[in-house]
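There are 2 protein chains.
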Amino acid sequence: MTVDLTNVFQQIDGDYENLKELLREAVAIQSVSGDPSKRDETIRMVHWMKEKLEAIGTACELADLGTQELEGKTVKLPPVLLGTLGTDKNKKTLLVYGHLDVQPAAKSDGWDTEPFELVEKDGKLFGRGSSDDKGPVLCWLHAIRAAQKNNIELPVNVKFCFEGMEESGSVGLPELLEREKDRFLSGVDFVCISDSYWLGTKKPCLTYGLRGICSFFVEVTGIKQDLHSGVFGGVIHEPLQDLMWVMAQLTTVDNRIKIPGLYDQVAPLSAAEEKTYDDIEFDVAEFRDSVGAAHLPTEDKKTLLLRRWREPSLAFHGIEGAFYGPGEKTVIPSKVIGKFSIRIVPDMEPEEVNRRTVEYLNKVWAERGSPNIFKPRPGHSAKPWVVDVNDSNFLAGARAMKRVHGVEPDRIREGCSIPITLTFQELTGKSVLLLPLGAADDMAHSQNEKNNKWNYVEGVKTLLAYIMELGSA
Amino acid sequence: MTVDLTNVFQQIDGDYENLKELLREAVAIQSVSGDPSKRDETIRMVHWMKEKLEAIGTACELADLGTQELEGKTVKLPPVLLGTLGTDKNKKTLLVYGHLDVQPAAKSDGWDTEPFELVEKDGKLFGRGSSDDKGPVLCWLHAIRAAQKNNIELPVNVKFCFEGMEESGSVGLPELLEREKDRFLSGVDFVCISDSYWLGTKKPCLTYGLRGICSFFVEVTGIKQDLHSGVFGGVIHEPLQDLMWVMAQLTTVDNRIKIPGLYDQVAPLSAAEEKTYDDIEFDVAEFRDSVGAAHLPTEDKKTLLLRRWREPSLAFHGIEGAFYGPGEKTVIPSKVIGKFSIRIVPDMEPEEVNRRTVEYLNKVWAERGSPNIFKPRPGHSAKPWVVDVNDSNFLAGARAMKRVHGVEPDRIREGCSIPITLTFQELTGKSVLLLPLGAADDMAHSQNEKNNKWNYVEGVKTLLAYIMELGSA
Chain A
108 MTVDLTNVFQ QIDGDYENLK ELLREAVAIQ SVSGDPSKRD ETIRMVHWMK EKLEAIGTAC
168 ELADLGTQEL EGKTVKLPPV LLGTLGTDKN KKTLLVYGHL DVQPAAKSDG WDTEPFELVE
228 KDGKLFGRGS SDDKGPVLCW LHAIRAAQKN NIELPVNVKF CFEGMEESGS VGLPELLERE
288 KDRFLSGVDF VCISDSYWLG TKKPCLTYGL RGICSFFVEV TGIKQDLHSG VFGGVIHEPL
348 QDLMWVMAQL TTVDNRIKIP GLYDQVAPLS AAEEKTYDDI EFDVAEFRDS VGAAHLPTED
408 KKTLLLRRWR EPSLAFHGIE GAFYGPGEKT VIPSKVIGKF SIRIVPDMEP EEVNRRTVEY
468 LNKVWAERGS PNIFKPRPGH SAKPWVVDVN DSNFLAGARA MKRVHGVEPD RIREGCSIPI
528 TLTFQELTGK SVLLLPLGAA DDMAHSQNEK NNKWNYVEGV KTLLAYIMEL GSA
Chain B
108 MTVDLTNVFQ QIDGDYENLK ELLREAVAIQ SVSGDPSKRD ETIRMVHWMK EKLEAIGTAC
168 ELADLGTQEL EGKTVKLPPV LLGTLGTDKN KKTLLVYGHL DVQPAAKSDG WDTEPFELVE
228 KDGKLFGRGS SDDKGPVLCW LHAIRAAQKN NIELPVNVKF CFEGMEESGS VGLPELLERE
288 KDRFLSGVDF VCISDSYWLG TKKPCLTYGL RGICSFFVEV TGIKQDLHSG VFGGVIHEPL
348 QDLMWVMAQL TTVDNRIKIP GLYDQVAPLS AAEEKTYDDI EFDVAEFRDS VGAAHLPTED
408 KKTLLLRRWR EPSLAFHGIE GAFYGPGEKT VIPSKVIGKF SIRIVPDMEP EEVNRRTVEY
468 LNKVWAERGS PNIFKPRPGH SAKPWVVDVN DSNFLAGARA MKRVHGVEPD RIREGCSIPI
528 TLTFQELTGK SVLLLPLGAA DDMAHSQNEK NNKWNYVEGV KTLLAYIMEL GSA
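Residue numbers (our numbering), protein chains in the order written: chain A, 108 to 580; chain B, 108 to 580.
Source of the hints: derived by calculation from the structure; they are not laboratory data.
Accuracy of the hints is not assured; some may be wrong.
Among the chain B residues that face chain A by a calculated CB cut under 10 angstroms, a handful are [claimed, not checked]:
no.: 1; residue: HIS154
no.: 2; residue: LEU283
no.: 3; residue: ARG286
no.: 4; residue: GLN372
no.: 5; residue: LEU412
no.: 6; residue: GLU427
no.: 7; residue: ILE449
no.: 8; residue: ARG450
no.: 9; residue: PRO453
no.: 10; residue: PRO478
To spell it out: a stretch of chain B is covered by chain A in this simulated footprint if at least three of its residues, at any positions, have a beta carbon under 8 angstroms from a beta carbon of chain A; those stretches are [stated by the list, open to error]:
no.: 11; stretch: 311–325
no.: 12; stretch: 328–334
no.: 13; stretch: 345–354
no.: 14; stretch: 415–426
no.: 15; stretch: 429–435
We put the CB at the ideal spot given by N, CA and C, even for glycine.
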């Protein structure tokens, strides 16, 4: 039943200049979704991709999302590209998600080359979007083209959902998907997203978990306006002094959370799951150096990965309402809002985390004994996501990677959230696979973003192998 | 020897419309020193005042201060008006300081009237600068005019130093005064500044002390760039968590400083000095309500005034380098700088305060045990200022106030710094008197600034009486 792909893989290697040319075209379109002056380019990118999908026989439609207010202007939202390739009732259906927009970039930010000109150097393809996420999106296109060129019938129907607002909060997409639940999303059996990264640079991996988040605002006030620190200093309970004291009670120096019971909600680590950490390729010293830290709270590989992926963490972000400029300003701020967030993991529930956190803050505040006004409140939250590493979608991905790379991929998690993952899982009720193609050092969102030539070409093979493996999934 | 001023005072009362007209003209000149587009008006104000001083026989010169960079433009600094009225070698010499520039103001800020049109209502003269400091500056002019009109010889020579940059940091003035030490400033026997306020609204006072200041920057870093809190949260020693913890060790909830030995440097309070607090008119409840606080760290009148005026205080101002906008941002800041300042009083020395504070911060940091990089450093500092309430200049001011108001003025201090006070004292080596004319509710720097008609007119009398009293000082 398994189709031999040896010759096709060789053809893909030989087709490199064409693969590169298409990526060059895509990178040249400055689809920066966060920049209203580039909104037309972002829309043009969606149309460009529509043509490419239509050229391989996909029935495409552009779902209109209306407008948004951006920097005081009303601007059109880029439409979402929905494509259907194959409607064979005897086949299962794969839904592929990707995004066509990119982060801002300018040579003056510190790029070595023009960010919107694809430049190949030392086996690396530099350019904004080369890895996040235009490269992976084009890998899907190339994979299907390669199959078609070799008259290989795809064992599944493929649907595409490519948006142009991912880097700007996916405005409008969750609502669209909600509306499409019983139409475009009906009949989907598998979902695959290729918009994340390997843990390192050599060994492929599959991602089976993401952390969720609970954000918090802690407001302290008690004087009706900002006060001169000379005139009033010493005879006022300062809101900012209260706030910093309260926030200082949230964590230990080693970044462990002091809110009672929070760790108790974490799903127990089974011996089997713990064992999977043994084989994961991860260099703690390299990670520490990449961050620039002298020491980390833990430098044990397993403990560190567990803390990043399957334990909650609490980060401080800043304070609203206090002086933030350079230099000095001798004012006592009257109303300050501390911002922090807690990353959550299964089986933590956002409501429970919010409740325990606000309860702890109120308890700490009572200990403070300040007459000021204290208002802790939860902000937005997102649930954690974890998939069964033994489901058929996940195993098809693993077999595909082994076929291309010759090694069993690491099973990893990510510490961050990719909210659309959970949306797809909830609306389709099916397994979502995160199948990363790029290396950890691709510098997504940063200067000198690149995609390795090798990752790009092997990515095409991996996605083709994955589609073929889904035939026996 | 004492000249009877009864008739002159009556004439001053009768001259009210002229006093008001001159203030109207001055307020109409929009001498906002912080606004480069109003720089010409600020310069025009200096020239306007020069004409007025010349009209009473003052020999005037304009000291050029060159230019400054403001909002990216090179703009001319307003000259300093130096005037000399009388050079009688047998008389002592009084130096008067005041400023001709004002804070910004616009009706749209919440003024009830046009800020640059003097409006009289309910015995109040509303207008920007009516109280800070055009009103008091004109009181000097009116006082001398009244003496001249009545052929009363001034018992002292008078020198004037009126600047146009006080609201913008007195750029260039200290350097000018340094250069003028042996010329314009030579032979000065008394200095008087009328640019502060009564403690309340009814009872006059004289100000004999100002607090100094020591500013501090506390920098924490340790990671080389801002990090995504999802990807890195939980495995990093966060600089912002360290900073807030360290700052939380600086004070108690009641705003007392925890730095060892700081209070030990405060000059002991003698029984005689303590007794002066008994008679001071100050309503704690009114003060508390004006601030909008539910409770104050102390609500005992004497303790509260001691804490504002003759004890150090420590205020938090904010953090540079962390997220400060509205909403949420899930970033771990890589380098944060906490800002706080300590108000100091005699006999505290800035060097000693800086040393003890940095030493305490380093000790606390060692207790924290974080591997991050910690750099506490002192910012600018200013010495406290206190004058002998029994010196001849101060006693002349007190007699003048008693002559006009019929009551012994309160002896007060201010919690803030007026750095030019110390500059004059150091360069002349003579006593500087702060002689406030305006009421505590004059709203300097704020919307609806006003000068009470009563304070304005009595102010003219007070300054005349003070000049006359200096004859026997």
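Verification of the hints:
1. HIS154: HIS154/B check fails; min Cβ-Cβ to chain A is 32 angstroms, beyond 10 angstroms.
2. LEU283: violated (24 angstroms)
3. ARG286: Nearest chain A Cβ about 27 angstroms off; hint violated.
4. GLN372: For GLN372/B, the interface hint is violated, since the closest Cβ of chain A sits about 15 angstroms away, which is over 10 angstroms.
5. LEU412: Since the shortest Cβ distance to chain A is 9 angstroms, the answer is holds.
6. GLU427: Holds: closest Cβ of chain A sits about 6 angstroms from GLU427/B, inside 10 angstroms.
7. ILE449: With Cβ-Cβ at 9 angstroms, under 10 angstroms, it holds.
8. ARG450: holds (5 angstroms)
9. PRO453: Interface hint status for PRO453/B: violated (15 angstroms vs cutoff 10 angstroms).
10. PRO478: OK, holds: PRO478/B within 10 angstroms of chain A, min 4 angstroms.
11. 311–325: holds (count 3)
12. 328–334: Since three or more residues must qualify, the claim that chain A covers the stretch 328–334 of chain B holds, with 5 doing so at under 8 angstroms.
13. 345–354: As far as the stretch 345–354 of chain B goes, the hint holds, because 7 residues have Cβ atoms under 8 angstroms from chain A.
14. 415–426: The restraint on the stretch 415–426 of chain B holds, since 10 of its residues have a Cβ under 8 angstroms from chain A and three suffice.
15. 429–435: Answer holds; 6 residues pass the 8 angstroms Cβ test.
This entry does not satisfy hints 1, 2, 3, 4 and 9, going by the numbered hints stated previously.
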